[in-house]
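Spelled out from the first residue to the last, the chains are:
2 protein chains.
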Amino acid sequence: MFHDARIIEVDLTSGTINNKTVPGEIYRLYPGGSALGLYLMMQDYIIGTDALDPGNILVFSVSPLTGLPISGISRMNVTARSPLTGTAGDSQSGGYIGSYLKMNGWDAVVFKGKSQNPVYLIIDGEKAELKDASHLWGKVTGEVETAIKEEIGDKNIEIAQIGPAGENLVKFACIINKCSRANGRNGMGAVMGSKNLKAMVVKKGRPMAAADPDAFIALARSASKRLGENEAVAGLGLNGTDGDLEGFSEAGFLPTFNWKTGHFPEGAGNITGTTMYDSVLKERDTCYACAVRCKRVVEIPGRVDPIYGGPEYETCAALGSYCGVTDLADVCEANMLCNMYGLDTISCGATISFAMECFEEGLLKTELTDGLDLKFGNGAVVNQLVRKIALRDGLGDLLAEGSARAADKIGGGADKFSMSVKKQELPAHMPQYKPSVGLIYAVNPFGADHQSSEHDVFLVMPSDSRERQRLSKLGIWKGYDNPYELDAEKVRFAQDTQKYFSVLDSLGLCQFVWGPSWELYGPDDLLELCRSGVGWGTSLYELMLIGERRINMMRKFNAREGFTSADDTLPDRLFKPFDDGPAKGIYLDREAFETGKKLYYEMAGWDPEMGNPTEGTLKRLSLDWLL
Amino acid sequence: MFHDARIIEVDLTSGTINNKTVPGEIYRLYPGGSALGLYLMMQDYIIGTDALDPGNILVFSVSPLTGLPISGISRMNVTARSPLTGTAGDSQSGGYIGSYLKMNGWDAVVFKGKSQNPVYLIIDGEKAELKDASHLWGKVTGEVETAIKEEIGDKNIEIAQIGPAGENLVKFACIINKCSRANGRNGMGAVMGSKNLKAMVVKKGRPMAAADPDAFIALARSASKRLGENEAVAGLGLNGTDGDLEGFSEAGFLPTFNWKTGHFPEGAGNITGTTMYDSVLKERDTCYACAVRCKRVVEIPGRVDPIYGGPEYETCAALGSYCGVTDLADVCEANMLCNMYGLDTISCGATISFAMECFEEGLLKTELTDGLDLKFGNGAVVNQLVRKIALRDGLGDLLAEGSARAADKIGGGADKFSMSVKKQELPAHMPQYKPSVGLIYAVNPFGADHQSSEHDVFLVMPSDSRERQRLSKLGIWKGYDNPYELDAEKVRFAQDTQKYFSVLDSLGLCQFVWGPSWELYGPDDLLELCRSGVGWGTSLYELMLIGERRINMMRKFNAREGFTSADDTLPDRLFKPFDDGPAKGIYLDREAFETGKKLYYEMAGWDPEMGNPTEGTLKRLSLDWLL
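Protein chains in written order, with the working numbering: chain A, 65 to 691; chain B, 65 to 691.
Just so you know, these hints were derived from the structure itself, not from any lab. Honestly, I wouldn't trust all of these hints.
Note that the list lumps identical chains together, so a pair holds whenever it fits in one copy or between two copies.
[Unchecked claim] Derived SDA-like pairs (lysine to any residue); straight-line CA-CA distance at most 25 Å:
| no. | residue 1 | residue 2 |
| --- | --- | --- |
| 1 | K346 | R270 |
| 2 | K480 | T628 |
| 3 | K537 | G586 |
| 4 | K191 | K213 |
| 5 | K537 | G599 |
| 6 | K640 | P365 |
Nothing here was measured: the structure is a model prediction, and the numbers come from that model.
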């Protein structure tokens, strides 16, 4: 009932390519995406290998469901040890390339070793081939996209590639496909760079056939009707993920000036999604088979090329409010530069805002800034820095290491300005308002991440709201008058929704369509997708075990590399009251956080001191092989 | 979406009756049956109260689903502290009374205190009334059934009652309804007796209406078709639960001669279900709305009255092979006597077989046996002893305490012949062959129970069998060549199926219809039952949390009463190889058992030394109120 996973294994050192399979009965334990990626990576990874050493293992993976034509199914996962955090790392992106990979009959591609010269891999049906990429090295993504399409003579291809940032081993270099979709976090682009792997190219294949076509088509076709009934997702489609940036500022929780405040009245209105819609938006784009159309394409003649898409909410925050930038054109350009050079917009913006605060606090003198004036709000300088980081030019070389490592080098207390967990910079959701998300920032295996659990805000909705009803399927019950509490039920909410998101990251599903609270498709639909799509009669119980298994694999990876509960921390700033704005006086309660963290470990079956999975927990999750 | 639970609360001391409600949002955490019973009991129970003290709380409970006309939905739960084990105790029975209770609009009846004189409660719609039962005291169940029906002038009533055994506080007295269905285990009948409560009588009410009638009716009507396709359940309907007793003996795992052997060639053929079918069976009976018809009605003119039904497999073993009895008529009579006097057939037969071994080993001299010849195989003496136990007559008074307490009094090493866990006698499934069941015998909160988890045998079926497919929904994967292993995956199988059975005991569902492996209705049907029946859009994840919650409530109850991991043991005999029979040389591996037990605790989130739920586990299950 569960097909074997078909894997392409590329040894870049020798240039050899082999196929292998993971038997269906094992594949069902790690059914795709991040779970499969971790399983494959950890089979071969030798403990203690540096993330940028040829010994690191880089896995691209999709799931049994990928390629089925239904909304929210486009995500392709990349897994490796992260050069940014040193932990197990993964990252998902939208687009079409994951579906193409599956259409060619492949579930994963594993890259080992290091090529002597730059290469790219091209996959065409059963055939996979390494090609020289020396002539592409140093080129930005748009140039490479054009060059490879010409070279191959086929426009029906998808390209996942690194820009100069990945080549230069920037710790937060990403992998870009379609010039506009990123496997953004964890520095997966640097791992590609360290292997001299410029790109993975996949030809279009035949669409996947569903196991129960009638039922599957009915489910897939219901998306447009549901979209009409779901204000949240419809709004997302219209205004993009950035639609409510201004609302966040008005409530006082838009991270601004490197998280010193949550209020950005001088700029939020300019850089919010509705303004983008009314001004620079050229069109709304989408991913494979998806009805939502949340992707932005912006055009600013002479300044922003639409082939590089448009900024997400996280980008508008990190390269906008974090840095105090008030001009939407500046933000759109910064986004374009990140997509051209292959940089994670979150870590990039957050590292620049860190540098700006260091500058304003006198820790970073002008002689170290290459003469640049790094004061908050200087959009032109932000965009100069993006390029300098990608090219490791001057100050960019320091910042290319991320804010935490840069702080160590700068010294003088700069570390308190690095808004990061496990050296991964914080996405734009403030734990002061979302303590459950804050807890996950701390305990998540690869540091701060906003897409690893549900957000607290759904719990303040009325108990008969659709969102709360959906959460009750996870046994989540308690509502809150305000979202700021972090009690035992909230900790369980954090953990159980983390498992659900972990399922989505494994099955290659998009949280905006399949997420537990504001989904277009709910948990029951997910079971129906598995059944009608591929004949997998699963249950929410089995799926949640899969989600939990993935998290525990990562934690065990980390434990073997020396990570402990001491790494599950949050920046000090979050525990101090805001000085101003609508959220004046609000802060994250440290005692509640510490108590919650301990409780999270105990609920997870992790060692209470070290925060690592116990033997019983690993065995419960069929992870005996990690003992 | 979840109605409030409506409760009748009877204070027997004062004779007052009140109604109360449990709000729907709490009811959903403890949705009926054992979960609701425990919740209600533990609200009022004062730690340290003896099981037979007026302070013990006795709860009859059903579920939101009870009363819907579909197979396998008839179970009524009774909860109290158990006088046999001293732990939290519960017991479920089939029949019609649970459905009647719900048809009158009630979810539970709570009895507190102790009546001065014998009474019974009668429930008629909204009205509940205590009536004098002095004239019924001392009468056997058949007499009481007739008397009450005459008194009330209505045959459309159901009566749950105790016989003389309950009145005499026999530690394993049960509660009988329809003269033939028992809330058998844990001595719940003695708790009724201690309260001077002879019976609970319920008038028939109006059938329940389904929330989505068309879908519900389609589900309910599919039972007969499914029955035709499901050999296991069809066989159960035809030959009863005793259908395969002879097969068990032939395989070498029918407990015989007080568990000294698993082989009973001289008697198994006589007392097996097919023989019963071909000889004394008068008819096949059934429970409310159930298509299976597994209940037996036997008639032996002048000896066995068909109003008392017929023996189950457990009864044929405990009062047959345990005692070496080879005559089916003896077994049927013993079963009738247990149903007349209100005794649990398992503990009764096991305690008698214990006495027989003590007698044969010279620990119980004839002067203590009232002159009876207690050698194995003496069916007439077995039946004399059943009556003597119920009446606490002579040796019966000693045996009325159960084998463990009797062993303490007999001394001389008699304890090694008590085949019990936490003083509860072992049902007829041998842990040597079913180590997973054996593990559950040990760790189950109220001692040895065969209906608290799935049996190992399903794991030796082919991986594409329907049984294995069903188990995969619980994330249970591994198959076995032989069933005797107890590895980490088997421990998880024990624990996860225990949670599922715990759900069934809470929702009032019968394991033969709704059990995880050999069900007529599978986990998906259960979700559809909840949805179409009562509009409860649940998931297997939420249900499994409910099952786990119930188990943890019991363990926490026990911990408060001083129980520790030292109570989670098995009789020594199981760890020694069989001397003879097809299973010669087979034994339960002690090291595997101890390792498995420790692993079970860790997987459950229980203290590794004490085996009790940690704070994190209780909070994960929303059981903060038990801290």
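Structure-based check of all given hints:
In this homomeric assembly, K346 and R270 never come within 25 Å of each other (Cα to Cα): the closest approach is 30 Å inside a single copy and 64 Å across copies. In the homo-oligomer, the alpha carbons of K480 and T628 lie at most 25 Å apart inside one protomer (21 Å), although the nearest pairing across protomers, at 48 Å, exceeds that limit. In this homomeric assembly, K537 and G586 come within 25 Å of each other (Cα to Cα) both inside a single copy, at 10 Å, and across copies, at 18 Å. Taking the shortest alpha-carbon separations for K191 and K213, only the intra-copy value of 18 Å comes in at or below 25 Å, while the best inter-copy value is 82 Å.
In the homo-oligomer, the alpha carbons of K537 and G599 lie at most 25 Å apart both inside one protomer (23 Å) and across protomers (13 Å), since each shortest distance falls under that limit. Proximity of K640 to P365 under the C-alpha cut-off of 25 Å is found in neither arrangement, the shortest distances being 43 Å within a copy and 86 Å between copies.
Hints 1, 6 from the earlier list are contradicted by this structure; the remaining hints agree with it.
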